[in-house]
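Chains as they are written, first to last, in the numbering used here: chain A, 1 to 588; chain B, 1 to 196; chain C, 1 to 125.
Note that these hints are calculated values from the structure, not bench results.
Worth double-checking, as some hints may not be accurate.
To be verified - Every beta carbon over 12 Å from chain A, so not counted as near; a handful from chain C, in silico:
id, residue
1, Asp21
2, Val24
3, Arg25
4, Ile28
5, Tyr46
6, Ser50
7, Leu63
8, Gly66
9, Ser67
10, Leu82
11, Phe93
12, Val96
What the hints assert, rightly or not - Derived DSSO-like pairs: lysine-lysine, alpha-carbon spacing no greater than 27 Å straight-line:
id, chain 1, residue 1, chain 2, residue 2
13, A, Lys135, A, Lys211
14, A, Lys28, A, Lys579
15, C, Lys22, C, Lys81
16, C, Lys22, B, Lys90
17, A, Lys211, C, Lys81
18, A, Lys135, B, Lys159
19, A, Lys135, A, Lys313
What the hints assert, rightly or not - Chain A residues, not near chain C, derived (Cβ > 12 Å throughout):
id, residue
20, Tyr66
21, Trp166
22, Ile175
23, Ile206
24, Ala210
25, Leu233
26, Leu234
27, Asn276
28, His282
29, Ile334
30, Ala337
31, Thr343
32, Ser493
33, Glu542
34, His556
Here the structure is a predicted model, which means the values were calculated and not measured.
Beta carbons: idealized from backbone N, C-alpha and C, even for Gly.
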Amino acid sequence: MSHPTGVDHHKPHAAHEVHHEELGFWRKYVFSTDHKVIGIQYAVTGMLFLLFGFVLMMLMRWNLAYPGVPLPIIGTLFGDARMPGGTMLPEFYNELGAMHGTIMVFLGVVPLAVGGFGNFVLPLQIGAPDMAFPKINMMSYWCLFLGGITMLGSFFVPGGAAQSGWTSYTPLSVIAGSGQTWWLVGMIFLITSSLLGALNFLTTTIQLRAKGLTFMRFPFFVWAQFVTSFLLLLAFPPLEAAGVMQLMDRVAGTSFFMPSGLVVSGQVLANAGGGNTVLWQHLFWFLAHPEVYVLILPAMGIVAEIIANNTRKPLWGYRAMVYSIVFLGFVSFIVWAHHMFMTGMGTAMAAFFQTTTMIISIPSIVILTSLMLSLWGGSIRFNTPMLFAVAFLPMFGIGGLTGLPLGLNISDIPLHDTYYVIAHFHYVVAPGTIFALFAGIYYWYPKATGRMMNETLGRIHFWGSLVMMNVVFMPMFIVGLAGVSRRLFDAGSAYDFAQPVMQWNVVSSWGAWLMGIFQIPFIFNFFWSIRNGKTVSANPWEATTIEWAAPSPPPHGNFAVEPQAYRGPYEYSVPGAAKDFTPQHEAT
Amino acid sequence: MDIPYTVEVRRDTGLNNGKIGIWLFLASEVMLFGALFASYILIRVGSPSWPRGDTILDVPLATFNTIVLISSSVTMVMAWASLMRRQFGKFRIYMGATILFGLVFLIVKYFEYSHHFAIGEYPSHNNFLAVYYTLTGLHMLHVIGGMVVNAYFWGPGAKLYQTNPVWFTNRVEHSGLFWHFVDLVWIFLFPTLYLL
Amino acid sequence: MSSDHHDSSGHAAGDHAADIDKHVRVYITVFIALMVLTIITVAISYLHLSVPVAVTIAMIVALIKGSLVAGYFMHLVSEQKLIYAVMALTVAFFVVLLALPVLTHENGYWIPDAAPAAAHSEGAH
């Protein structure tokens with residue numbers, strides 16, 4: 001390349017020397033531009049919010065098991081506005097419900113799965129020194145942080161936090177208390193964070209991959225994050241626009257979503273009217289459907305890595321998995337109205353969305369089946385990451401299959417907005433994604449800290465969580481099939497048809513509280529192992545992908561010598577090779 | 001640490017990082033304004049009647065503003081072309097003109113908005129106005145954002161030209177892409193709101 | 001312009017200045033075209049054509065103007081394949097976002113404003 005003008009700043013990327021001044025504490029650990037520090041910030045933030053969202057749920061489950069009964073001791077802490085005499089008010093239940101969903105999805109899973117794992121692992125796995133835009137990376141974390149503060153702060157405004165569901169359907173959300181405005185502002189921060197992160201991931205993956213690392217040599221995790229980033233980039237903006245419009249409706253008195261002649265508490269509202277309330281649903285679900293793939297794709301990526309590593313075999317059907325995940329990404333943009341079958345659309349459009357929804361199940365099945373087939377004939381090592389990764393498969397299977405009746409109009413009619421839906425999506429996200437995230441934490445913890453987490457505690461965490469997940473969510477299918485609606489603060493106790501299934505709510509609640517107990521070994525393990533875990537070198541799992549070439553933990557700049565890829569990502573048990581794994585970056 | 005391909009292009013993609021980054025960002029902006037246009041369509045189609053733009057809004061003034069914004073796009077690309085010719089002085093003039101045109105655009109919008117407010121035409125008045133204010137308001141925020149970035153490259157950011165003129169030229173190009181996009185959005189907004 | 005020798009900004013090395021001169025001529029031409037098209041689109045609006053016809057013509061003119069800005073000011077005519085791919089994907093989803101909600105609306109039943117008088121929006125009627 002000729003440089004007829006301008007200074008050539010292309011330095012050879014050989015041995016990395018610290019040729020700049022040593023950074024102070026704040027620039028090194030708080031306002032860092034290093035993807036590993038940012039990744040850990042995202043991951044810890046995500047985990048804290050997962051815990052918080054879990055606590056909100058444990059509170060909700062009290063009233064679902066024992067409606068109207070005062071919650072002993074803890075109940076009195078919430079004051080008369082929320083729990084007079086320790087008895088939960090429906091408004092408080094709604095607050096808990098809306099914020100549980102919002103926090104779990106946008107402040108828990110996505111920051112951990114994408115911000116945490118994506119940021120930490122992706123550059124290492126493609127042999128890059130950092131992300132393409134390190135400063136933007138830092139900004140994206142702090143946007144998330146501000147969004148989180150806003151969401152937490154909303155609990156303290158008069159009227160409490162948002163109470164109109166994580167879906168914020170209009171017109172209810174427009175007439176709701178000021179917590180909803182905070183929700184909207186918080187969402188704008190969170191969306192901005194995701195947009196900045198997405199363009200960083202995409203640019204990094206395309207431009208900074210090592211020499212020899214072609215797209216079809218990517219670890220499946222990289223493909224998963226790549227498609228996820230496209231979903232975030234293109235699907236989030238419409239929700240941002242919708243959020244602005246809802247803010248306008250609430251604060252400037254517009255009627256984007258407000259129909260004419262709406263009567264609230266006996267009074268006709270004085271706004272101009274003429275708005276379209278289903279418009280909110282279109283814009284919300286245009287994001288929120290791709291969002292569920294944002295929740296699952298990184299999980300599939302993590303599971304794929306761990307299964308290949310712990311079966312000592314290449315993934316079965318890698319090519320099919322790649323085509324499937326790309327196809328899934330496309331189709332995820334044209335299925336959204338299966339969340340809106342009950343809004344009065346005609347048969348032609350309903351047929352269109354049913355068709356696309358059925359079609360999108362195919363790539364998911366291909367990926368799940370490939371992962372299952374990858375186990376066949378493997379030398380399986382059942383360490384803690386592998387336990388979680390293998391458990392993911394049937395759990396995601398249940399979640400995915402139970403989605404099918406929801407995707408067909410006719411069967412959706414009795415199931416829509418019941419506990420069946422709650423059971424379906426929780427199976428996918430909870431013993432689905434969250435199990436994959438646990439797997440990833442146990443798997444990449446040694447890379448990030450230089451120490452292993454304790455196996456015994458890991459197994460207790462695993463078995464307890466697996467059993468309890470099913471105790472919590474399996475009964476909800478029964479409750480939903482009986483017709484009990486979601487978002488009822490007393491779980492339907494006022495309805496005759498619900499009486500035969502009310503007992504199941506008690507089962508779910510106790511499952512949830514016990515599940516909380518089983519997270520304690522994990523939390524303890526996570527912190528205890530930082531100082532006391534077994535120390536490891538670069539590649540404790542004897543894995544093939546490039547991140548294991550860097551030291552544990554990697555220094556600033558990651559690799560002493562720029563890596564190069566010589567082969568595919570899963571060259572395990574190659575016939576005739578000296579070891580049962582041939583790393584991607586090793587020359588011969 | 002140096003991030004590769006910040007300035008030089010990567011051979012197989014033919015692009016540097018910033019170029020990809022800005023186009024990806026513009027892609028997200030297309031979806032943002034797309035959602036607003038989709039909302040406008042849905043609300044208008046569902047409305048029993050809808051006023052023609054020129055019955056409420058000032059078409060001659062907006063036509064002037066359209067010409068202002070298009071001119072600013074030309075001066076923006078000329079600013080970049082001057083840098084490509086290593087004519088820093090010309091760059092300063094063209095970039096300055098771009099910022100000035102942006103300022104004129106904002107001033108005109110200020111007059112438009114205050115006129116409407118003066119006769120009680122607020123966003124809450126009816127959905128035509130709600131759509132108008134939201135679309136032009138968000139567009140205006142993008143104009144301001146673009147002006148801030150351009151002002152940075154005209155002013156304090158320009159010292160990068162001394163140490164790395166190629167990188168500086170590229171960054172101005174990327175900033176220009178954003179500015180052209182803002183013009184592009186207006187090219188669709190103007191007839192949609194004012195003429196139909 | 002995907003020639004083999006690109007300098008750091010992705011444009012052909014060698015006759016740099018002459019290249020830019022050619023570009024500048026294009027920019028001026030496009031500028032004039034945009035002005036003319038702006039006048040045209042405003043002039044047509046004075047004809048007060050029916051809404052469907054007016055929308056169609058206005059959108060066609062806007063598309064032409066937009067293509068000129070995107071193609072020449074934003075250099076899309078000579079950009080790399082990757083950028084085309086990203087924008088093609090985006091435009092596809094943009095069309096989906098614009099078209100599908102309206103189709104679900106038109107296709108089903110939608111209760112129009114039952115009481116237009118109750119909505120005191122003078123400007124809207």
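Hint-by-hint comparison with the structure:
1. Asp21: holds, 16 Å
2. Val24: holds, 18 Å
3. Arg25: At roughly 22 Å from the nearest Cβ of chain A, Arg25/C sits farther out than 12 Å, so the non-interface label holds.
4. Ile28: holds, 24 Å
5. Tyr46: Correct as stated: the minimum Cβ-Cβ distance to chain A is 28 Å, above 12 Å.
6. Ser50: Correct as stated: the minimum Cβ-Cβ distance to chain A is 22 Å, above 12 Å.
7. Leu63: With a cut-off of 12 Å, Leu63/C remains clear of chain A, as the shortest Cβ separation is near 21 Å.
8. Gly66: holds, 19 Å
9. Ser67: holds, 21 Å
10. Leu82: The claim is violated: Leu82/C sits with its nearest Cβ about 7 Å from chain A, within 12 Å.
11. Phe93: violated, 5 Å
12. Val96: The claim breaks: Val96/C does not keep its Cβ more than 12 Å from every Cβ of chain A (closest is about 6 Å).
13. Lys135/A / Lys211/A: holds, 25 Å
14. Lys28/A / Lys579/A: Not satisfied, since the Cα-Cα distance of roughly 38 Å exceeds 27 Å.
15. Lys22/C / Lys81/C: It holds: about 23 Å lies between the C-alpha atoms, which stays within 27 Å.
16. Lys22/C / Lys90/B: Measuring from Cα to Cα gives roughly 17 Å; hence the hint holds.
17. Lys211/A / Lys81/C: holds, 20 Å
18. Lys135/A / Lys159/B: Between Lys135/A and Lys159/B the Cα gap is close to 19 Å, so the pair holds against 27 Å.
19. Lys135/A / Lys313/A: violated, 39 Å
20. Tyr66: The claim holds: Tyr66/A sits with its nearest Cβ about 42 Å from chain C, beyond 12 Å.
21. Trp166: Consistent with the label, Trp166/A stays out of reach of chain C, its closest Cβ about 21 Å off (over 12 Å).
22. Ile175: Label holds. Min Cβ-Cβ 17 Å, cutoff 12 Å.
23. Ile206: violated, 7 Å
24. Ala210: The claim holds: Ala210/A sits with its nearest Cβ about 18 Å from chain C, beyond 12 Å.
25. Leu233: It is violated; Leu233/A is separated from chain C by about 9 Å at its closest Cβ, not greater than 12 Å.
26. Leu234: Given that some Cβ of chain C is not farther than 12 Å from that of Leu234/A, nearest at about 5 Å, it is violated.
27. Asn276: Given that some Cβ of chain C is not farther than 12 Å from that of Asn276/A, nearest at about 8 Å, it is violated.
28. His282: violated, 4 Å
29. Ile334: Violated: least Cβ distance 6 Å, not greater than 12 Å.
30. Ala337: violated, 6 Å
31. Thr343: The claim is violated: Thr343/A sits with its nearest Cβ about 8 Å from chain C, within 12 Å.
32. Ser493: Consistent with the label, Ser493/A stays out of reach of chain C, its closest Cβ about 34 Å off (over 12 Å).
33. Glu542: holds, 36 Å
34. His556: Correct as stated: the minimum Cβ-Cβ distance to chain C is 26 Å, above 12 Å.
When the structure is compared with the earlier hints, violations turn up for hints 10, 11, 12, 14, 19, 23, 25, 26, 27, 28, 29, 30, 31 and for no others.
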